[in-house]
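Peer 1: Once you've looked at the hints, dock chain B against the given chain A.
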Amino acid sequence: MSDQTLFSIFFSAMIVNNFTLAMFLGLCPFMGVSARVETALRMGLANIFVLVLTSLSAWFLNTFVLESFPFLRIISFIIVVASLVQIVEMVVKKLSPTLFRQLGIFLPLMTTNCAIFGLAIFQTNRGYGFLQGIVFAVGAGLGLTLALVLMASIRESIEFSDVPGIAKGTGLVLIIAGTLSLAFMGFAGML
Amino acid sequence: MRKTTPSQDFIRGIWKENPVLIQMLGLCPALAVTNTVKNALAMSAATFFVICCSSVLVSSCKRFIPNEVRISAYILVIATFVTLADMMLQAYAPVQHKELGAFIALIVVNCMILGRQEAFSAKNNVFRSLLDAVGTGIGFTIALVMMGGFREILGTGSFLEYSLFGPNFEPWVVMVLPAGGFLTLGFILLAMGYFEQRRKPAKTEKAEQAA
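Listed in order, the protein sequences are those of chains A and B. Residues in the first sequence are numbered from 1 upward in steps of one, following this note's numbering. Residues in the second sequence are numbered from 1 upward in steps of one, following this note's numbering.
By construction, these hints were calculated from the structure, which means they are not laboratory data. Where is the CB? At the ideal position from N, CA and C, for every residue including glycine. One or more of the hints may lead you astray.
[Unchecked claim] Simulated pairs of lysine-lysine, DSSO-like, Cα-Cα distance not exceeding 27 Å:
1. B:K98 / B:K38
2. B:K16 / B:K38
3. B:K200 / A:K168
4. B:K16 / A:K168
5. B:K16 / B:K200
6. B:K16 / B:K123
[As the list claims (entries may be wrong)] Anything over 10 Å on all C-beta distances counts as not near chain A; from chain B, calculated:
7. E17
8. F49
9. I65
10. P66
11. A91
12. Q96
13. I138
14. G155
15. F159
Pulled out of the complex, with its shape left as it was, chain A reads as follows:
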């Protein structure tokens, strides 16, 4: 059990060690669905939901199952993540077909979203308990959403500016991400 306070876990996951900008997790949706603010926001919310569920399941597996089979950790985590994403996909399809279409391929791709799998692994490595895990997941999810929304708003306003031909596309997005990451580094000494 880690002895970090809940607040420091939350703040560290959300701002200081932001999953996308400081640890490079979840880059696929960061590049893919960050063109519109609204879609980015919804993608972020879907991510928070899956992250919390993953954290719960990872805690359950760690406490009751994996103690005697530590070598099965990677395999069992990926199965849990894959089935969770499947469930979320079905729920979203039922509740909001519009959102389902907007997110498109990035919803099933959440299975191979490093952020979700990474959360389970980091939580295990740092030995977070039940409550710490949930707080970590919410913090990480909010951090992802923050990064996505920031990126989307920058890209929305850059759409109308005259960008040189070679910089169109991913190159520019990466350099903006680098600048954002530099900005987030300002928080580094806080905890």
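Peer 2: Coordinates of chain B only, in the frame set by chain A:
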């Protein structure tokens, strides 16, 4: 699907369809562990092992995998080999294992590996899948070592921990920080875009008129 020769299968992944620089797959490890060349090499070696073994296994078992559950089956195969790679690194290179930390486990969710299984190994024989996997693995290694090289040379003034510029060099600390990863890849892509534009001026103009 277009027919390709075995040598094309091999060469394609190295540069023309480089997984990181052209297809933008597997970005997470490419940015996260390339702060030194040594880490980049360890990561590439682990990924290389996983992609080759999974390609061979998937292409030899493709007849027994039902179409509906193929993605889950591929992920299970990949997860098995990642577990193996994780344990081997822990046993033979504990220092590197500690340095790379959770990112070894994260090879499971590297889209590049799953992508090759779905796009190639599931449809081709063992030999050609192996060639394809080796080519893609080499392409991945090239991209990672290139990024690791830039970041280590500028960020610490050394290459593979061998000092290059002497004691008077002021290191660009930003390059070994997370931001440096984004910036390095961004500038590499810009440079590639520049050369592409110079090579095909006519084609780019057409594309711009269409856009």
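Peer 1: Hint by hint, say whether it matches the structure.
Peer 2: Results for each hint:
1. A distance of roughly 13 Å separates the Cα atoms of B:K98 and B:K38; the hinted pair therefore holds under the 27 Å criterion.
2. Pair hint B:K16 plus B:K38 holds up; C-alpha atoms about 25 Å apart against a cutoff of 27 Å.
3. Between B:K200 and A:K168 the CA atoms are separated by roughly 16 Å; this keeps the pair inside 27 Å, and the hint holds.
4. Between the alpha carbons of B:K16 and A:K168 the distance comes to roughly 20 Å, so the proposed pair stays at or under 27 Å and holds.
5. For a cut-off of 27 Å, the pair hint linking B:K16 to B:K200 stands: about 15 Å separates their Cα positions.
6. Distance restraint check for B:K16 and B:K123: the Cα-Cα separation of roughly 21 Å lies within the 27 Å cut-off, and the hinted pair is therefore satisfied.
7. The non-interface label for B:E17 is consistent with chain A: the shortest C-beta to C-beta separation is roughly 15 Å, beyond 10 Å.
8. Non-interface call for B:F49 relative to chain A: holds, since the shortest CB-CB distance, roughly 15 Å, exceeds 10 Å.
9. The claim that B:I65 is not at the interface with chain A holds, since no C-beta of that chain comes within 10 Å of its own (minimum 16 Å).
10. No Cβ of chain A approaches the Cβ of B:P66 within 10 Å, the least distance being about 16 Å, so the stated non-interface status holds.
11. Every C-beta of chain A lies more than 10 Å from that of B:A91, the closest at about 13 Å, which supports listing it as non-interface.
12. With a cut of 10 Å on Cβ distances, B:Q96 stays outside the contact zone with chain A, its closest approach being about 16 Å.
13. Interface exclusion of B:I138 from chain A stands, the closest Cβ pair being 22 Å apart, more than 10 Å.
14. Against the 10 Å criterion, B:G155 stays outside the reach of chain A, whose nearest CB is about 14 Å from its own CB.
15. Even its closest Cβ contact with chain A, about 22 Å, leaves B:F159 beyond 10 Å, as expected for a residue assigned away from the interface.
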